[in-house]
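Enquirer: Chain by chain, the residues run as shown.
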Amino acid sequence: MTEHHIKLPEGSIEKTTTTLNLGPTHPATHGVFQNILELDGERIVSAEQTVGYIHRAFEKIAERRPLYQITPLTDRLNYCSSPINNMGWHLVCEKLLRIKTPKRVDYMRVIVMELARISDHLICNSVVGVDSGAFTGFLYVMQYRELIYEIYEEICGSRLTTNMGRIGGFERNFNQTVFEKLDKFLDEYPAVLKEFENLFNRNRIFMDRTIGTGGISAERALNYGFTGPNLRATGVDYDVRVHSPYSSYEDFDFEIPVGKTGDNYDRFLVRNQEMWQSLNIINQAYKKLKEFKGADAEVYHADVPEYYLPKKEDVYTKMEALIWHFKIVMGETEIPPGEVYHSVEGGNGELGFYLISDGGRSPYRLHFRRPCFIYYQAYSELTKGSMLSDAVLTMSSLNLIAGEMDA
Amino acid sequence: MDNALIRQRLQEKFGDSLLNVDEPYGMLTFEVPKDMNLKVLQFLYDDPELRFQFLTDLTAVHYPGQPGRELAVVYHLHNLVDNIRIRFKVFTSIEKPDVFTATQLYESANWMERETYDFFGINFVGHPNLRRILNVDEMTYFPMRKEFPLEDQSRIDKDDEMFGRG
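The listed protein sequences correspond, in order, to chains A and B.
Its first residue numbered 1, the first sequence is counted upward by one per residue in my numbering.
Its first residue numbered 1, the second sequence is counted upward by one per residue in my numbering.
In short, the hints are calculated from the structure, not lab data.
Each residue gets a CB set at the ideal place from its N, CA and C atoms; glycine is no exception.
Errors might be hidden in some of the hints.
[To be verified] Derived list of chain B stretches under chain A, where covered just means 3 residues or more per stretch with a C-beta under 8 Å from a C-beta of chain A: (1) 31–41; (2) 70–81.
[Said to hold, decoys possible] Once the Cα atoms are required to be at most 25 Å apart in a straight line, the calculated DSS-like pairs of lysine-lysine come out as: (3) B:Lys13 / A:Lys60; (4) B:Lys89 / A:Lys60; (5) A:Lys60 / B:Lys39; (6) A:Lys327 / A:Lys312; (7) A:Lys103 / A:Lys287.
[To be verified] Beyond 12 Å from chain A on every Cβ pair, some chain B residues (computed): (8) Asp98; (9) Thr101; (10) Lys146.
Kindly produce the complete structure, drawing on both the sequences and the hints.
Expert: Next up, the structure:
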């Protein structure tokens, strides 16, 4: 029996560890999820994760909706990079309906998806900085996320939950302002990213805080179903963009950055490197986009009248367009029966859509493979034996997005 | 490696147990009896050629019109070395929805199975912690089953005035 400063009453059960609720509304969790930590002093003995606080039954809702009405549901999965989710959903539908999109649409999508990836990684990495005590980086890069959101706004009219594009392409062509803002972004952002890296990469405090914390081996990571930057930080070069190219990613020349130890520092570096690669891809796609001249430069959707809303002036003047418009809006288009799995490289990893259609007007079953939900399981293993402050850092460096976890 | 080879290897090993082999949209899909799901997973994992060692997705589907095989558990596996995906299903009755757990082989199956249990009520035999995950613990039913339809948009028994549609 150890000696206590506080004398316990006779017969009370002696508990040597402390239970701490981290979340669900703690500012350090960056989202609505809970960790019940068992602490011995400041060291974590065990962690138990609770999810589901913002479960919205998207899979069930999708069973009653026509395809185009499911796009706004996908926005709300990983809301830090909603265009990727939107494009992923459109790609699944196009795979099921066997629609071939024009090259120009593919390149436009690539630009939007890579911008979304940059904004996703930017948030994650700057928040890792905030949690380790460096607020400057976070404030500094925010204006460039703002610029990315302005580009979204020009393309589709909204900023966070974008509901961007349609089955077959985009709702309208990129306007002049999109290209001007994109020019500004491509011109200014590399210097900003460089400076952001200068702030952190060799920062003694940051290195001390992140190196060797929250690490995982490649085997364990694969067994836990890790994908995306978190898997690549362990040294596995799996990237959906390269392994199963979609939206003409095979036309681009880029590298898959990998780490070695899978700790918080490697995850940070991998995400930074991916931002450079994304910039590289956007530059290539932008160049390819400029090569379209004349009528080709006006192509922004595939010719699929059953699923792509006709122009408004046609709806008012042409019988056929009016019929299609009505059928699409009322959700009266029958989807061909089929079973399809398609995945895209989301901000957090492989974002998969498993869609079963029985020939009705809405999916018979739709399942989202949410990368976040799958790799959050490893959190208790990642934090076991580490300090409480490292656990907070590990949480932000995994880039856990509650919306994606709970669907 | 292609679908034909995988199919041949599986046919050699499991023979007539391999049912409904198909390739929708290029992905090899098949069905096995439900008590063989672990054997198939283990074989696909261990075989030096097949090496399906990444569990991409695990979920279920409810088919109320198929007596005795209402619930399907669907596994998506990925061979990361040769970059090929397959899908296989096991069907179970809704009265006794017992399926062996894959948690011994894949840590990632833990929460995916809990989610599948939560929404479809599939009892994963041997699961270390089979509790609800996204829904509240007090829930007594399995909401993704088809007997819980969402409201019909065209129903007319409601007073439209009350909903601003009058």
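Enquirer: Taken at face value, is the distance from the CA of A:Lys60 to the CA of B:Lys89 at most 25 Å?
Expert: 21 Å, holds
Enquirer: Taking 12 Å as the cut and beta carbons as the points, is B:Asp98 off the interface with chain A?
Expert: 21 Å, holds
Enquirer: Once the closest CB in chain A is found, is it more than 12 Å from B:Lys146?
Expert: 9 Å, violated
Enquirer: Taking beta carbons only, do three or more residues of the region 70–81 of chain B come closer than 8 Å to chain A?
Expert: holds (count 3)
Enquirer: Quickly compare the C-alpha distance for B:Lys13 and A:Lys60 to 25 Å and report which way the hint goes.
Expert: Violated, because 38 Å separates the two Cα atoms, which is more than 25 Å.
Enquirer: Given the hint that A:Lys327 pairs with A:Lys312, test it: the Cα-Cα distance must not exceed 25 Å.
Expert: Within the cut-off at roughly 14 Å; holds.
Enquirer: Grab the minimum beta-carbon distance between B:Thr101 and chain A and tell me whether it stays above 12 Å.
Expert: Answer for B:Thr101: holds, closest chain A Cβ roughly 14 Å.
Enquirer: Between A:Lys103 and A:Lys287, is the straight-line Cα distance small enough, at 25 Å or below?
Expert: 13 Å, holds
Enquirer: At least three residues with a C-beta closer than 8 Å to a C-beta of chain A: is that true for the region 31–41 of chain B?
Expert: With 0 residues close enough to chain A, the hint is violated.
Enquirer: Sort out whether B:Lys39 lies within 25 Å of A:Lys60, counting only the CA atoms.
Expert: With a Cα-Cα distance of about 32 Å, the restraint between A:Lys60 and B:Lys39 is violated, given a limit of 25 Å.
When held up to the earlier numbered hints, the structure conflicts with 1, 3, 5, 10 and fits the remainder.
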